[in-house]
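Respectively, the protein sequence lines represent chains A and B. Numbering (our numbering) for the first sequence: 1 to 292. Numbering (our numbering) for the second sequence: 1 to 136.
Hint data in this document are derived by calculation from the structure and do not stem from the laboratory. Being a predicted model, the structure only gives us computed values, none of them experimental. Hints may be right or wrong, so weigh each one.
Simulated restraints, written as ranges between beta carbons of each label pair [as the list claims (entries may be wrong)]:
hint: 1; chain 1: A; residue 1: V166; chain 2: B; residue 2: V43; range: 39 to 45 Å
hint: 2; chain 1: A; residue 1: L271; chain 2: B; residue 2: V128; range: 35 to 41 Å
hint: 3; chain 1: B; residue 1: R78; chain 2: A; residue 2: I20; range: 40 to 46 Å
Ideal Cβ placement from N, Cα and C applies to all residues, glycine included.
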Amino acid sequence: MLEFLSFAISPIEFLISLGIFAVAAGLVGALLGLGGGIFLVPVMIVLFGIDAQTAIVASLVGVIATSSGSAAGYVKEGMSDLRLAMFLEVATVIGGLVGAVVAVTLLAGRSQLLTLIFVPVVVLSAIFMYRTRAVDVRPNPPHDEWADRLNLHTRYFDAQKNEWVVYRVTGTKTGLAISGTAGIVAGLLGIGGGLFYVPGMNVLMNVPFRIASATSNFMIGVTATAGALVYLLTGHLAVGLAAPVVIGLLAGSLMGARIHRTAEATVLKRLFVPILGLAALVLLLRGLGAFP
Amino acid sequence: MIGTNSSGPPRSPVIQDDVPPAMTRLISLTLRVGVGISAGLAVIGLALLLAGPTAAFVTVSVHGVAFSGAAFISGVARGHAVDILFLAFIVLIATPLMRVIISVGLFARVGDRPFTALTLSVLLLLGVSVLVGTVI
């Protein structure tokens, strides 16, 4: 039986209401480089009574659509830092694969414990973001040998400030560790991993927030693909549920990408902090078994 | 370092100095086409699914069902909703894969060895995902 807030609903009503939530999640996700899954998975579980595992897999596939849809625009306009993304993707794909494998084997039915483990990580991301919200790029970050060797330093034109911003990437090893963690979370919880990429790149790697957000969107697709391939081939994808999720998230992400072009970095950061707090609360409640 | 530059505003907000020129255009096109085809197929599949027995709306899954390539192709050709939706998701998942393949080729063409190796590693890891998903 299909339901919304425990009320029985028709398939059409289910489709429309789930689609609306997916559009909203996709919009906010694209705006903040999150992918949208962090909002949609709790909505599917709590409001629609969908089984957690089914919701996670549908979200993960939807996240690929969100990422690819919004990244197409960002890449064309040069907003995504492709070299940095491809460097970090090595770690994130490993994480995504590991997360999905653990989810379908060792932790099948025991995801509450791991959800709780990730709560402090999300809170830490919010604290990092809050403390550094006034500074976008550090003028003199610590020297990083890998960033120098791979020539990860670059520049972008900030249309709001009407000036070129040169940024020197630092903390590559930390960035790889965070990307690997983000991949595990993505594969395990069906979220994009942007929750970790954006603050990781912005705060620790000295990447401007708007670039970090656009680069995160670009990376999320590959991260989710690593996990989605495992879920798809092991037969965990409910295609009827994933379809409205994909279509809704994609529509929302395209709207979010349009707004992202004109949004102020500081405004985006201020928006990001309470959303991270909310995500932590939802994860905590889920981990404590407040909802199935 | 933050500073101004005399070269003036660019046509695009970000300069990627060491990315092969065709890369941004090709990757953007690949993502756009892949997502477009996938979304189109998902809309068609969803419409067909809703037109059929509605009880299967959420519960339709391939869990526990052995995948048969011939049956899948036949199902798509016959306009079977689940097979069309499955095709939509295959196209969707293949889209980021394609952009990694394109990146490998373009980095290799310009002789950027470190990034050819990095992108090739990503591709191989995605191949491992397929292998793992098949074996589990």
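Cross-check of the supplied hints:
no., hint, result
1, A:V166 to B:V43: 39 to 45 Å, "holds (44 Å)"
2, A:L271 to B:V128: 35 to 41 Å, "holds (37 Å)"
3, B:R78 to A:I20: 40 to 46 Å, "violated (32 Å)"
Hint 3 alone, counting from the list given before, is not met by this structure.
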